[in-house]
Amino acid sequence: MKKLLTWWGERALLVLISVVVLFPISWMFLTAFKQPRDAYSTSLNFTPTLDNFVTVFSDPWNLGSMVMNSVIVAVVTVAIAVPCASLAAYSFSRFRVRGRKFLFFLILSTQFIPAVVIVLPFFLMFRSLGLLDTRLALIIVNLAIVTPFVIWMIKGFIDAIPTDSEEAAMIDGASRLRVIKDIVLPMAAPGILTSSIFCFILTWNEFLFALILSRRDAVTLPVGLVSFRTERGDLWELMSAAGVMITVPIFIMALLIQKHFTRGMTAGAVK
Amino acid sequence: MKERTLSYTLMVPAFLIVLATTLYPLAYSFVTSFREWDLTKQRRPGDFVGIENYVHAASESGFQNSLWVTTIFVVTSVIVTVVLAMSLALLLRREGRLHTFTRIILILPFAMSPALIGVSYRFMFNPEFGVLAKGIGAIFPALEGTPWLASPDLAMAILVITDVWHWTPYMTFMCLGGLASIPRETEEAARIDGASNLRIIFGIILPQMKGVLMVTAVLKTIFALKMFDQVVTLTGGGPGTSTETMAFFIFNVGFKWFDMGYASALAWILTAIMMIISAWYVRMLLSERKMATA
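Chains A and B, in that order, give the protein sequences. Every letter in the first sequence is one number past the one before it in my numbering, and letter 20, counting from 1, is 20. Every letter in the second sequence is one number past the one before it in my numbering, and letter 140, counting from 1, is 140.
In isolation and in its complexed conformation, chain B is listed as follows (with noise of 0.2 Å):
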């Protein structure tokens, strides 16, 4: 057989998983956010409706609150996430068999399932016998009782703790790998010069982080507007919508009203943006390349 013919043929089972899983559903989502489909009304999909399921969604409330709430979340579990991942990576990155125990356990967070780590919170910050709520009581008295979870700004802040703990592991790894790629003279001539461990880090370590820092960032963006099982079992999207992201909304739309249009709308705004940031990664990943060979 023919190198050419065999290459194609090789990835013939995988591309038609990937063409029948992903590729024809969104075909098929396309076309039904130009549609009308009340599910609970309509067997078959309805009309075609031009863009009007994407003019309501820019002037629908619950929607307009899903991105506010979802830039929120976003925002601060990217920033909180690689921020601590770093630190982590130049916490852990000496050898030492406290260092490679911990090394070792980072990756349960990583393991557990999502849903079960929004129960795990939800159980922990429950005022009258969470042991977190509890504990936080004993430690400071006026935060005693505290409804955790029924104050929207405390249950958006929990929601990130959450995530914050599931995703600050893989982070890490990222960022102890791109720390072993950078050549350790620089740091070793300086320490020998007596420069402060301050100085080392942010003068000499950090610049050279830049490239892994931005793509642990654009990769945690992509992660945490996805999020969704924490928000269904930790806190339902509530109180009222404060917790309601993007996919929760989109979720709630499609399968508590069974408005298949316009969930198929909304989801579709989620995969532009989605889309926008990936491609903004993707260029960074080939950038990066070029100046490793460099």
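Only chain A is shown next, with the shape it has when bound in the complex (with noise of 0.2 Å):
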């Protein structure tokens, strides 16, 4: 009888906890889909439209171009970063040199730096070289918070790589560069295609320097959201639909790279 309850009980906290995770989502999904005059209701009684998405898109609020500059400033981040992480990553795990513990200190704490300390610098910087409200001042400031983070990533991954094979190859004649590209990148490739995906939603999602960066022209996904903050009030069923916008991409890479997800995102921190 107990044993029942305890089964039902652990059953009943698991659904709960889905709930609570479940609920906020699902509401909002919900709200894109309503009319105006049901978003301000909790009804669930309505007939759905994509009036939102409709409107969202065209005119004033340009979604579109939000949506390119999100896209433009996480993949141009994605592509400078991992690759320099990476490389940077495998010397940090296969080499002992000195000032290598150092050096992976100093690139690691930059990491614990609050983003308002960064951005104030480089407001100052990018107004005297006329860089505020552009694409390239967004990565900029974003190469600081994803790099280090990247670096400490991949590194937990190549650490988990036996060096055997390398080494093997290397008594047969093989330079170091041959091993890193023959041997390593590819045992590597799934470690680093999750990091790249952390490092995307990092970027994706990130408020504060483009809230700060950009005014017009720049202006991305998350700081979009504000601007459906009017002087007619929230309008809540255009920002639960360009609130979808912005998840759903993010919601597919996270579940497609699920299993690594959990791993890789909390590789570094525990180990």
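These aren't lab readings, by the way, just hints derived from the structure by calculation. There could be a bad hint or two in this list.
As the list claims (entries may be wrong) - Derived DSS-like pairs: lysine-lysine, alpha-carbon spacing no greater than 30 Å straight-line: (1) 101(A) - 226(B); (2) 2(B) - 259(A); (3) 101(A) - 134(B); (4) 226(B) - 210(B); (5) 210(B) - 101(A).
Source: prediction; values computed, not measured.
With the hints as a guide, dock the two chains, each given alone in a separate frame, to form the complex.
Okay, structure coming up:
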């Protein structure tokens, strides 16, 4: 009897957790498909519509250009950060040279610096260079957040690869660079892919930098959300539609790499 | 090429990025923190004023309020998150279809944009049509029409809830990782001896999880000190200044009042706090590893 109670109790708790996680997300998705008048009620009895998506993509909201900005900023940031970080991660993982520990610590500790500290000087520099409100500015600052993080993650993945085959190849006369290209890269590929997606998510969701450094041309999706706060009040149905646009690509990516995701996201933190 | 040269060469690109995007701006803001620089009046950096900006911080009420707000926010969100994460980990470590499903969907809050989380909770707690405000009102009629985000304490509570919702999954995965690494034998022996679940959890599992829990708590503290996005999208620092965290206050000083010197000084105070906690974190990680290899 007691056992049965625990069994059901455990299931009930699990269902409760799932509800707590899924409810806010589902509510936003539902609202995105509601007519404005239905959005301002808690009723579930409504006729779904795509109007909100049509509205956010047309004037004056132009969500399309924000999507473009978000995609370009995130893709370019990943394309720069991940290759550089992979090389550094390999070096940190395999070589025992002087200053290695210090350098690694230095790079890691920058991850703990609050973004608001970095954005002040960048604002001043970009202002004098005329780079405010450009995608380039956002890419540069995002690299600051993402690079140390990716080095850390990829190092974790490379550390987990046994060195045997590398050593064997080098005894056979292969050069280090060859070994990296032909042995390490293929084996580390899933880890590097996971890290890239992580890096993409971080950049895609980044808010503080974009809020301060963009005005009109370079606005990304998360900052775009704020623009639905108008004199007429908050336009929830439009915010929800924009919210769906922000979350869907990220959710798909996160679920695709779900297995590695949980491992990667805690890789460096406890080990 | 010599191994050593190659080793450094491989680090160069990443190191240059970190140098240009973090270390240089840090130095720049450090220097600025000793200057007077009101961007509304001066195009170029003003005179050096020594530690005046720091002295100003010591007596200014806005900053002191933000220190207090940040402390309350960090302490409550860290405690709630760590306790919840540990409990969830204990629940989720077993195998089962429902367990796996729950573990998978736990990824979603972490992947969601924090700014959007703030927006969606603001919507759900709207007293007139918010689904949570209405739901609570239906269960407890006395709370019907409560202006959730217009009351300082409740606004802070909701801010903490959004942060807990966002971070608990990540911390749960950390605890799950910790649980997986402790040996099962003692636990099973105790179970055969007929020890109750509570005894096993408090007497055997939690003592072994102490290290992991400390690491989780410190990491969460660092994230909580940085928290900014939801303040903007959920409360806007209000009502009044009741949810103005340090990051948000620095943002206001810098980008509403354009007092760059003072903002830089405040930013450096926050950095100093973070550095102390981070150093503590790194030391704990190192001693953890020593324990693990011992």
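Evaluated hints:
no.	hint	verdict
1	101(A) - 226(B)	holds, 26 Å
2	2(B) - 259(A)	violated, 38 Å
3	101(A) - 134(B)	violated, 55 Å
4	226(B) - 210(B)	holds, 25 Å
5	210(B) - 101(A)	holds, 26 Å
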